[in-house]
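Protein chains in written order, with the working numbering: chain A, 1 to 226; chain B, 1001 to 1208.
Please keep in mind that the hints were generated in silico from the structure rather than gathered at the bench. Fair warning: there could be bad hints in the mix.
Not everything, but these chain B residues come out facing chain A in the computed CB check (under 7 Å) [as the list claims (entries may be wrong)]:
no., residue
1, V1040
2, R1133
3, P1175
Glycine included, C-beta positions come from ideal geometry on N, C-alpha and C.
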Amino acid sequence: MMKPPHDMGGDQAPQIVPDKPDEPKFEEAWHRRTLGITIATGAMGAWNIDSSRFARESLPRDDYQSFSYYEKWLGGLTNLLFQRGLISENEIMSGHSDGQADKAWQDKILRADRVKAALAAGASTNRAADEPLFVIGQTVRVKHPADTTQQQPGHTRLPHYIADKTGVIIMHHGGHVLPNANAHFLGEQPENLYAVEFSAVDLWGQGAAPTDRVVVDCWESYLVAI
Amino acid sequence: MPHDHDDGHVHHLLPAEPALRVKALETILVEKGLLDPLAVDAIIAEYEHKIGPHIGAEIVARAWCEPAFKAELLKDSEAVFREAGLAGRQGEHVVVVENTPDVHNLIVCTLCSCYPWPLLGVPPAWYKSDAYRSRAVSKPRQILAEFGIDIPVSQSVKVWDSTAEIRYLVLPMQPEESHGLPAPELAKWVTRNSMIGTGLPARPVGIE
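Bound-form chain B, shown alone (with noise of 0.2 Å):
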């Protein structure tokens, strides 16, 4: 099996088969003493149960109830997530940009799959796609087709890509049908893909 030491490639030299790659992989450093088996699955259970976009969501709600918190999110919402604690790990940096009736949002890593994980999670695999990737800084009007969305020729579309450890959060607007309703409500309108750009905020399902 060809592979490269001179540049530091010995990946091939594990078993072919993926899971056995892994498995081989944590074998090998919990009996170095490199890696605690419990710490890892601690990570896994954060990610799967605690961690997800119902906390972006109440941010978005609390906007749309407060315009005073809107504000502050809007001028610096670094500071607002730091003293909320959820700038952590790849959202140290979170700035929030605003959907309006003139600018629709989208936001993409071309470079990898940059996201802001402690308000959405762990990202969905579209997001991470070769596919989406390459094509929503170039076609992001045909991206959002593709998801359902049909942007009139009279709001532009901006698009972020996430170059740095800078994360963008889309606040979109909050549909006509939502006002007056309490911010924990409001929270089940606000949906992980409208935090990205790729959806707009839908009345929940099985809710008149």
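Chain A on its own, in the form it takes in the complex (with noise of 0.2 Å):
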């Protein structure tokens, strides 16, 4: 299976351009608004923000490739409020709408006067889960990606560089919601997540500098024993 655009880490690319001081936030303004139509229709509680991930990474290839990071997010979130039913798609080619949208949601919306409350609350992840499989310095073999999605083409926070590779367990951050099972609205399923160590000698190969390490989080599903 091709690996999909969006896990790219180690994948060749060009020169890191640094921002200047003083550069603006947003270089647009439809970058700001995007952001907050983004935020502000996630609160109403339709989906969650690993559907959100996921609506993203299921771009066409050529527009994931192509569309700059806020096009990204504009083309994810009309497909999400599509695939919800909250707009249609007579809707979305007139760009005005066809009537009131159910009462149940417009009850749902984030008001002005509640976003900084909202903005501060957050949304945490960790949930209760199984007793931990994975003990602090023991060493674990990751899966492959494409066996720890619960349907095909899934979505996994496991990226391909680590595929097959072996790790050390150096964080236990507690039980937290499954992406890969929240993501298709199949139930957070939490599960103990971990940070794992990584030698980036063996991950990249002799050029990468001796004592230099990557950590990764992964879940337990995404790891096995040996």
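Join these two chains into a complex; the hints should help.
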């Protein structure tokens, strides 16, 4: 199965262009607007952050690779609103509504006077999970991303560059919502989440500095004991 | 215009020009009662004017001044930020990682662009770029050189790929020349990039 375009860790890419001091936070007015609309509509609870990510990842490859950052947000959001039945194809084509949305949704929208509190509250993903399978210091092997998705194509947060690699558990973050399930509205399925440390040489070969490391947060079902 | 409804892809039906795309979507949502445009304004205002790297810088400065606070931060930063009311959207679970003479830390999100918003504000464009997302994990020393930082061979680089909702914040080393300054002054030395790992704390411009 072809590696999806968003999973780009380790790929070849050009030099970074650092920003200059006092560069504006948003290049374009429509960037700001996209950010605000995405956060505001997310507050209705019609989807979750994992579904949002999957919606962006699911954009056609050509779009994903050519869209600017906020274009991806816009594309993902439009598709999510349509998939969740909140806007129709007709409305998208006409640029106007066909009528009022269900009152149930209208009652859930984020109002201006609740914004500060909503942003400050956030949405913790910490949940109770089973007894951890792994302990700090334990060596584990990572599965392949395709073996962790719950539908095809499916969402995973296992980057291809650690697939089949061996690492060491260095932190246990507790139980967290599993994106692989949550993105597809299959329930939260919380699992123990671990920070797993890999040797850069193991990942990239002898060109890497021998003491350099890469740490990746992995859910329990991404890992096997060895 | 080709589109694929079976996969729920309708984004191509919006206008070609992105600014018009946003306008169309906002119009539809407001007309349907699904969006309060004043809420959008309020969200933008929070991130333009209120939430920014000065918040993270104050935490770092305090850690430099107060050994007990630093110890707490390194032991359980999630609890420290929760108690300080700084565990909001995209920063509910922040782990602080300390730079030492042995280790330089660098934070990335290869899969999208996860970033500790409540402490650093809106991520810069380079952080979200394909170039950074691709190369930070595999060529961190090259990336750091592109930012003007030369990491000696004696110091290892540890890259943290933010694949979950855990967000990482670098606690940079305090520059020798800044010792003895009070916390509010020290905070000015703490740059946004030094808390991501692509920079080091620096004497503020205009101060002898």
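Status of each hint after checking the structure:
1. Restraint check, V1040 (chain B) versus chain A: the minimum CB separation of about 4 Å is within 7 Å; hint holds.
2. A distance limit of 7 Å between C-beta atoms decides the matter here; for R1133 (chain B) the minimum to chain A is near 5 Å, and the interface restraint holds.
3. Using the Cβ-Cβ criterion of 7 Å, the hint placing P1175 (chain B) at the interface with chain A is not satisfied: the shortest such distance is roughly 18 Å.
Hint 3 from the earlier list is the only one contradicted by this structure; the remaining hints agree with it.
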